Structures are given as structure tokens and as C-alpha cells.
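*Asks:* Residue-level listing of the chains:
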Amino acid sequence: MTTVVRMPSLNANEDQAVIVDWRIDDGAPVNRGEEVCIVETTKVTYEVVAEADGFLRHLVEIGQVVKNNQSIAMITATPDEDYAVLLASLEKTESVTTDRRWTKKAELVAKKLGVDMSILAAKFPDRVITEADVLASNKPVFEGRDLVEDAYPGLRPQRILLIGAGAGGGFVTLDVISRVQHQRAVGILDNNVALHGKTMMGVPILGPNSMAAEFWEKRVFDAAIICITANIADRAAIFEDMRAKGIRFANVIDPSTIVKNYVSMGEGNLIMGNGYLAPSCVLGDNNFLASHVCIEHHTKVGSHCTFGPRSTTAGAVTIGDRVKFGMGVLVEPYLAIGDNCLIPSGCVLTNNIPPNSVVKMQFSQTIKARD
Amino acid sequence: MELQLGLAEALTANEKVVVLGEDLVDPYGGAFKVTKGLSTRFPGRVISTPICEGGFTGVAVGMALRGFRPVVEIMFGDFLTLCADQIVNHMTKFPGMFNGQVKVPLVIRTPMGGGRGYGATHSQSLEKMFLGLPGIKVVAPSHVHAAGDILQYAILADDDPVLFIENKLLYPLDRYAHVLMEQSAEIPGYPTVALRNFGSGQPDVIVISYGGLSRELVPLLEKLRSDELNVTAVFPSSLWPVPIKTLVRYGAQCGRLVICEEGTTGFNWGSEVAVLLYDALRGNLLAPITRLAAASQVIPAARQLEMEVLVTAGKIENAIWELMS
Chain A
1 MTTVVRMPSL NANEDQAVIV DWRIDDGAPV NRGEEVCIVE TTKVTYEVVA EADGFLRHLV
61 EIGQVVKNNQ SIAMITATPD EDYAVLLASL EKTESVTTDR RWTKKAELVA KKLGVDMSIL
121 AAKFPDRVIT EADVLASNKP VFEGRDLVED AYPGLRPQRI LLIGAGAGGG FVTLDVISRV
181 QHQRAVGILD NNVALHGKTM MGVPILGPNS MAAEFWEKRV FDAAIICITA NIADRAAIFE
241 DMRAKGIRFA NVIDPSTIVK NYVSMGEGNL IMGNGYLAPS CVLGDNNFLA SHVCIEHHTK
301 VGSHCTFGPR STTAGAVTIG DRVKFGMGVL VEPYLAIGDN CLIPSGCVLT NNIPPNSVVK
361 MQFSQTIKAR D
Chain B
1 MELQLGLAEA LTANEKVVVL GEDLVDPYGG AFKVTKGLST RFPGRVISTP ICEGGFTGVA
61 VGMALRGFRP VVEIMFGDFL TLCADQIVNH MTKFPGMFNG QVKVPLVIRT PMGGGRGYGA
121 THSQSLEKMF LGLPGIKVVA PSHVHAAGDI LQYAILADDD PVLFIENKLL YPLDRYAHVL
181 MEQSAEIPGY PTVALRNFGS GQPDVIVISY GGLSRELVPL LEKLRSDELN VTAVFPSSLW
241 PVPIKTLVRY GAQCGRLVIC EEGTTGFNWG SEVAVLLYDA LRGNLLAPIT RLAAASQVIP
301 AARQLEMEVL VTAGKIENAI WELMS
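Read top to bottom, the protein sequences are chains A and B.
This note's numbering puts the first residue of the first sequence at 1, with every later residue one more than the last.
This note's numbering puts the first residue of the second sequence at 1, with every later residue one more than the last.
In short, the hints are calculated from the structure, not lab data.
Incorrect hints may appear among the rest.
[Said to hold, decoys possible] For lysine-lysine, the following DSBU-like pairs were computed, each having C-alpha atoms within a straight-line distance of at most 35 Å:
id: 1; chain 1: A; residue 1: K245; chain 2: A; residue 2: K260
id: 2; chain 1: B; residue 1: K223; chain 2: A; residue 2: K123
id: 3; chain 1: B; residue 1: K33; chain 2: A; residue 2: K67
id: 4; chain 1: B; residue 1: K93; chain 2: B; residue 2: K223
Computed from a predicted model, the values in this text were never measured in an experiment.
Isolated chain B, as found in the complex (with noise of 0.2 Å):
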């Protein structure tokens, strides 16, 4: 598991590194057992904390103001609602207000999702709601990205606030990696990962996602693969700021364009990054650039009614012959 070896070898690397959530200790291990272990490997600095997000993560905020590098995990991404104001008010206005006097070094690692039959408050992305807020990176690798290195260094070289997220669909799956895959690090630390599904040639079409929709689209590239479609999907990691030179650079590779993302639809990072896209592709696009999202409405628990909501290979897919024909 990627994202607990980056956990340890932070917690090796420098002793300033602590960990707070619900229920991280042994035996538990933490919700989806991400820091299975660690509490037992580094005693004291794993810390199981009361059912209270916006406490633990005012504590973080002042370890951090105190030369400690902490993590936060929020156990469900929903709950970040429950610490919004120290994200808001507290963690990315210190700095500024203190005149770059202090520095508020701090991960918040909250998983992400659905697809699990969790129901309205366990299965969404809520990550769009702190997008474009000024002093906080929001970065989301996908099962592309080699997520515990990236993890590493919003820990250890990051002074920011950073806001990881992550998706609960691809904590089993193991790092995907191909040949016809390449990196690029506009973003220092937070690279954005292309793969392609051709060895030679151009993209017919672009796809831009991040997150749990690396899930979908591995497969679904090597499907249109079999139908000869040539297709370039593109995973920044950060989603703000946006990598948009990298964006662009592939988006000019073709001029059709498709943006998805598991978040509802409305005022979401797909409309900022098609905005961006526009603005620096105008004349070279050959369509409009198709966005896809889930539908503005509450996620249901049972599982064929939860896809029918959620973006899905299929749904993707279908956007993409859209575009084609």
C-alpha cells in the first residue's frame, strides 16, 4: 500500500511528523487501515483522537505553528464539512495575516468517493468546496500516480497546507504503470501522469480526470484500444493550482477534449480547467470540450441507483464516440 509506505518513510525521515485521526491506533489501524501499523512502529506520534474534526484539526493547525509537520486523516471526505472553518478561516490565513512570519506546514489525508454503497454523506467529493481557496494546494492522485511518494513530500517539503485526497476505490488497487505512460511536474512534487493507449501516432481524443476515475479509465482505454481509438488520458495530481501549461500542451495534441470528474456538476473544477482550456485553445479546438460529473443530487446507497448518478467507464465512453462522430 502506497500511501502507508509514504506515511512511514515520512514518520522515519523527520521526527516533527505526527499523525491525528479517529481511530489510526492498533489494532484498528484507522477506517481503511492506511496506518495499520504505524501507531506500533512510532509510538506516541500516531494519535487517536475524539470524535471531534474540528478540535483535532485546530490542534494540527498549532502543532503546525510550532515547528511539528502534522497529518490529519478525516475519516470520510463528507466530514471535512466538520473542519471547514479551521481550513477556512485558521490554516491557509495565518500565514498572509502574519506577514509569511509563520508557516502552517499540514496535511489533511481525507478519503473520497463512492461506488460502495455508503449512502448521501459517505460517498461524495466534497473536494470541489475548497478548489480556488487561496493558501491550500488540493491534490488528488490517482492510481497512476506513484501517490505515496507524492504524499511524502506535501509531509516533508511542503510548507503549505495541503489537502489530500483520496479515493476509497483505490485503496486496494495496486499502482498502475505502464510503458506508454509519461510524467510531467509543472506543479514541483505534485506531477501530472498521461498514458496513452497508442504506441504511434495522435490522439483522436483527450481525456482530463483525476482521482478514482483512473479506476475507469485504465480499462476503458485499453477497450478503445480494441476499437482503434487513440486516446490520451491525462491525471494532474494537483487539482489547485492547476497544472494548466501541462493541460494545454496535451489538450493542443488534438483539439477534442473530454473532462470528467466524480464530483456533482455546477461550479466544479472541470468548468475552471475548461475555462482555462479555452482560453488558450481558442480556434485550435475541433468541439466543444464535453464535461462530464455527477448529477447535482444526493448519492443513493443502492448500488445500481449510485452508478446511474456517478460517472462511469460507460458514461465516459459514450461522451467520447459523442465527440468522434
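Here chain A stands alone, though its shape is the one from the complex (with noise of 0.2 Å):
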């Protein structure tokens, strides 16, 4: 058992005393209670006395002024036991400096930030982190969202490919995609080479309609449109086989138009302006609706389906695939109309269309000049 000697606060104003005479020399015995040396302030001088039992060991010189509280010497159980490691640990004690990793500033603003301090930290090693460091660390993070690859494209727009778009349909495709938030044109495929390389409402046209595969391949895109509206073989046909390439078709519907509840539509279907999509109507796939189009409620209509701008369809009407309506078409309720066939422009049906039907028109309109 060691015990420290030190020197004791004297005088209210002073901080520090004189060390005048050892009354027990260095090394020799020394009993509790007995006078170990003299010390000696501006105003009294005074016997400093052993708590301990045990060899005093001298740690200052006659004559060295020592600071209040500062241990001036060492009572050990044997003459020569070892207390270097206690005296080293209280100079330890004495001069403690702590290690900032952060300055208080930083603390404050992390914690109001939510920044974890600690990673900070270890990211800078070498120095005190500060409030510009938590402030640079909570910057939002931006990354190409076109390097992600994932099949699950989350919060970032659907990429849409258009396919046939190197006409007056792909321009009012990208139209409408520029007015909603959830889509966003990649690209255009046109078989027209005197178009590649150029762009459409600045979206490039990359390449034949063929190119699709590859860039599905790629995952440059995760949805493709057909724009083609005047030939619904083609239109079919260009569906069929991209879809058997596992290709997916985006449904692109211009903001304009409502679609009411219990509307189930399948895929590729491309929906101009304007529209009304009644209550429980269901529209298969790639069809395309001209603007102000009004397919009413429990109307059924197959896939691969044109109708030009106007038409409309009566309630609980049954419409087969690839019906090529004109414009203004009226369809009178509970009507069906079959596979295959050809609507003209302005005509009111009034009865049920076979499969493979075109309807002719009797128009008495007489043309003639002015009076």
C-alpha cells in the first residue's frame, strides 16, 4: 500500500508553498502522525504529517515551491518498493486531454439532422469533424437513375420505347407522354432509315422497329408503345411478335381522358385526349383511341382495335379484334360487332356486324355551286 504526501492548502491566497525542511530523510521509516517536513507560505509556516505507516520516499528538493495538492512525496510498505507507476499515473490524472473527434457545433447540428457522428468520424480519421462536414454529409444523394438496373423500376418513370413513331402517330404519342409524370419517351424505332438519327420532339430516333429485341435485351427500356393507326394488320402483327419476344407494352393514356372505375384495359393500348372510359368497360390489348373517343359502360372491346376521333359506343356494346372504326362512329346499345371489320366514317349502327363485315354507306349528298 502506497500513500502520497501532498502539499496542503494554507492560505486563501495562495496557490502554492515552499518546501523548507525534511524532517524524515529519504528512504528512512516513518510512523503515522509524525512530522514528515516544514512548509512554509507568505503568512505561517507548517508541519506537514504522515497518514501512513511505512518509508517515505521524497518527490521534491528544499527550497522547490510546489503547487497546492501537488504530491511532494511517496510512503511505500518497503524501502525500496517500486511507485513509478503510480506516480505516472497520477501526472496522468493531473494533465488529462481529451480526444475531440467533433467539435460541439457539429454534435448539434448532426443530432438535429439525424447525421450518425460516429460514421462521420470514420470516414475522417485524421481530424476534428465539423458543422460543415455534417452539412456536406447530408446532402440528398443523386445517381444516374438510368445506371440503375433493376427489373422493378420503383419511384423513377416508366422509360417508354415507341415502335412505327416516324409519323403524325408518334408525334401525338410523345405529346401526350410530355403531359403525365409516371412516363418518360426513351426513344423512337421508325423502319424509314431516312429518319434515323434524328430526333422527334428531341427524342431520338435510334433505329428500325426491329431493334426493339436488343434494347430489351439491354434494358434501355421497360415499356413499348406501338404507334402505328392505319394499318391494323401491321400494328397486330408488330404486337404479336414482340410480345412472343417477351417484350412488355406500356398503356399511354393522355391526361385528358377519364377512366371511371371498374375500367380494366390489357396492355399497349394508346388513348389520345379527351376520352371517357365509362364505368366496367374493358379494352383488350393495342388498341388505339383517337381523341374524344367514349367507350360507355360494360362495353367490351377485343385487342389490335383503331377508332377515329368522335366515336362512340353505346352501353353493354360487344366489339370483337382488329375493328377498324372511322370517325364519329355511333354505336347504339347492346350491339355486337365482330372480328375483322370496317366502320365508316359518321355511320349510326343499329344492328349487330358479323365477323368480317365492311358496312357500307348510302350518303345522298349533292354538291353543287352557289346561286
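Work from the hints to combine the two standalone chains into their complex.
*Replies:* Here it is, written out as C-alpha cells:
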């Protein structure tokens, strides 16, 4: 057991005193209560008394000025006991240095922003972390969206590849996509070689329709849409071919078209502005609805049909596949129209139409010069 | 020593200046040695008095009425109670009672403050007992002020009684000067000094304090700088009257204020300053004003216990971080 003898605090006005005399020699035995040394302030001399039995080991010399509470001697159990470790530990506690890893301001800001200081400290092991470091670490991280190789696009817009889009159908489709938040046109394919390398509304025309499979493999787009509106046979063939290769199709719908409750549709449907899809109507795949088309409630439309502007079906009409409607066609309720029919503009259908029919209109329109 | 020089220059500038108090004459030169050497340099004008604060303060009031500019030293501020009658009922009343026909140009110098283990009756900061008293100025420079110049002004230029509070712990310190210090003179002769620990930008916190707490705040500002906290410490040298326009100007720089003082809490300087600031800064404060003062109890003699009662840099720092979070 080693006991430390310290300089007593003797005077409110002084924080130090002088060792005037040692009463016990260095290494000599000492008894508890015995005078060890004399210290002196400007006002008094004072006898420091041993608090334990043992051997006195001097740490300071006569004449030395010592701060209050500083150790002046050790009392050890044996005359040659090593007190170096204890002395070192005393000196260590007297000069405690805290190893700061960050400023308090940085800690405060980190707490407010929810930044983990230990991660920051590990990032910059050589220096104190500052407020600026915390603020910098809190900046939202932007990564190139197109670099993400995920099968599930999540929050990013669906990337649309336009097929056969070199003409008017492509232009109106791009216009629709430009008006929605959830889709983005990434490229156009068209078999017209003269268009390759050009852009339409800022979107590049990349090559022929056959390149779709390659781009699909490379995950350049998430879904395709066919913009051919005039030739139903082409439209249907491309759709079936691409779908056989695993390519997915998008439904591209102008935001001004109203889609009511319980509407169901497949994929690849391209629907222009101001349309109306009534509750419980059903669309198959790959249909094209021009502007102002109205499909009333409980009407069923097959696949690969095209509807000219302002075509309207009444409720509960059944329409087959690959039916082409002109402009302004009106269909009475409960009628059935078979596959592959051709309905001319301005026609009001009042009877069922068998498959593979062409409806002919009896016009009596006379045009003559004005008087 | 700034105060000694200030006294010497005042004694030199005007032969009507006299200094009265206990144990002032050489070789002792006063309990805190402020007048050391002055009785030798100015024979007959630095006078050691009997131990009778009420008596020699009364003598000084009479001398002031008859054209002298006396300086009274009260050995410890705690003893102001012994001359309180002269202060409250006489020197501050005469100019008004005699309709401005007499003046009492008198300075009472006295040391206040703890931190030296002097115990309950030699460690107090009793200036708050005289704050708000009509007809007197209460002045308490910090070591950021040119205390000697302020003392000279009080002696030579101020025709009102001035209670001049010194702080025991500031006596051995040199005046602290820094490039980031500015001074405003809302109250002529008694400047307010603002010290900031940042070069450019806005303060996060304004600390308003006076007197001996500059000794705690100057190193604290340095420490807070290493923690990136922008702090401006504002030290009025005039406690009463309060240089409120200056304090409001600093307070408006940021909505977080800490007022700290060494005296005890309860009906204290910080209360009045806080109310004045609340009136002026309505709606501009980000948090309620934090006030720090000594605990409402006897000041112990033991150093560690004394520190628990008094306001320390550590307590101020804690209050600042609490205000920030």
C-alpha cells in the first residue's frame, strides 16, 4: 500500500508553498502522525504529518515551490518499493487531455439532421469533424437513374420505347407522354431509314422496329407502345411478334381522358385526349383510341382495334378484335360487332355486325355551285 | 495596474481629488494594493481613516458638497451596508433636496466577488442592493474595459455620486484586448464592450454580463470557438443606468440571449435587463432569455463548495448549449 503525501492548501490567497525542511530522510522509516516536512507560505510555516506507516520517499527537494495538492512524497510499505507506476498515473490524471473527434456545434447540427457522427468520424479519421462536414454529409445523393439495373422501376418514370413512330402517330404519342409524370420517352423506332439519327420532340429515332428486341435485352426501356394507327394488320403483327419475345407494353393515356371505376384493360393501348372510358368497360390489348372517343359502360372491346376521333359506343356493346372505326361512329346499345370489321366515318350502327364485315353507307350528298 | 494609474492621473489632473479609506497609506497601500505608492506621491491627499465606513463616507459627502472630488475606498464591498445610510439617504438626496444647487461628485470604490475562499461576508456581490436607486450611478468594469479611464471619468467628469464596483479576481489581470472587440458609448464615460469569437457571420448566442465574469467568459469564448459556436459577449460598464439601446442592438443580432452575473439570484440585475430586452425584442427571440446568477444562499469558504454556488464558465457553457439545442 502506497500513500501519497500532498502539499496542503494553507492560505486563501496563495496556491503554492515552499518546502523548507525534510524531517525524515529519503527512504527512512516513518510512523503515522510523525512530522514529515516543514512547508512555508508568506504567512505561516506548517508541519506536514504522515498519514500512514512505512518508508518516506521524497519527490521534491528543499527550496522547491510546490502547487497546492501536488504530491511531494510517497510512503511505501518497503524501502525499495517501486512507485513509478503510481506516480505516472498521478501525473496522467493531472494532465487529462480529451481526444475530441467533433466540435459540439457539429454534434448539435448532426442531432437535428439525424446524421450519425460515428460514421462521419470514421470517414475522416485524421481530423476533428466540423459543422461543415455534417452539412455536406446531409446533402441528398443523386445517382444517374438510367444506370440503375433494377427489374422493378420503383419510383422512377417508366421508360417508353415508341414503335413505328416516325409519322403523326408518334408525334401525338410523344405529346401524351410529355404530359404525364409516370412515363418518359427514351427512344423511337421506325422502319423509314431516312429518319434514323434524327429526333422528334427531342427524342432520338434510333433505328428500325426490329431493334426493339436488342434494346429490351439491354434494359434500355421498360415498356413499348405501338404508334401505327392506319394499318391494323401491321399493328397486330408487330405486337404479337414483340410480345412473343417477352417485350412488355405500356398503356399510354392522355391525362385529359377520364378513366372511371372498374375499367379494365390489357396493355399496349394508346388513348388520346378528352376520351371517356365509362365504368366497367373492358379493353383488350394494343387498341388505339383517337381523341374524344367514348366507350360506354359495360362495353367490351377486343384487341388491335382503332377508333377514329369522336367515335362513341353506347352501353354494353361487344366489339371483337382488329375492328377499324372511322371518325364519328355511333354504336347503339347492346350490339355485337365481330372481328375484322371495317366501320366507316359518320356511321350510326343499329344492328349487330357479323365478323369480317364491311359496313357501306348510302350517302345522298349533292354538291352544287351557289346561286 | 489600470486602476492605480487611473487614480494617479486623477490626483494629478485635479488637486481637489482626495482618496479616503482604511489602510490606504504606504507601505500597506490598501488591502488590494490599488493605492500603493499614491500616499507617497500625493502627500496629504491619500488618507487612512479609522475603521468606520459610515463616518468617513459621510466626511467624503461633506467634502464633495464643499468642492472636493473625493474617492472613498470601502475595503470589501460587503461593508457597503455600513455606509448604506450615507448612500441612500444623503449623497443621492442632496442634489434633489436642494433643487440642484449642490452637487455630490463622489466615487465609492469597492471590491466585490468571490472565488478566493474569503467566506460568507467577504465574497458577496452586493451591488444589486443599490441598482435602481435614484441619483447614483453603479459602474462595474470588466477586464475588457479600460478600467482606469472609466475611474478617471467617474472622478473628474461625473458630478453624480458613482458606486464603482471592482472585482477581486480581476485585480491581478492585465486588461484584455482583442481585435474582435468593439465599444459603444451610449452612456458617456461608461462604455459597453462587446467581444466576439468569430470573424464574420452571425452570432449563435449573445451573452450579456459584467464585472468579474469577464474572467470566465474570455477563455470560454475561446473554447466555444473551437466548438464552432459563434458567441458575442457584451459587457456594459454601467449597470445603472442600463445601456439598453446597446444591449437591444446586440440582442437583435440573434434571438438567443444569456444574461449572467456573479450576484445572487432573485430581484437582480439580470431580471431588470431581461424585462427591458423582452419589451424591446418582442417576437424576435428564438428562445426565452436564460439568466444565470449565484445560488440564493451563503457563500461557502471551501473553494469547491464556493464554485458550486457561484456562476462559473462551466455553468455558462452548459446554459449556452442548452439554449442551442
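*Asks:* Next step is simple, just say for each hint if it's right about the structure.
*Replies:* For each hint, the structure was consulted:
no. : hint              : in the structure
1   : A:K245 <-> A:K260 : holds (32 Å)
2   : B:K223 <-> A:K123 : holds (25 Å)
3   : B:K33 <-> A:K67   : holds (24 Å)
4   : B:K93 <-> B:K223  : violated (47 Å)
Hint check: a violation occurs at hint 4 only; the rest are consistent with the structure.
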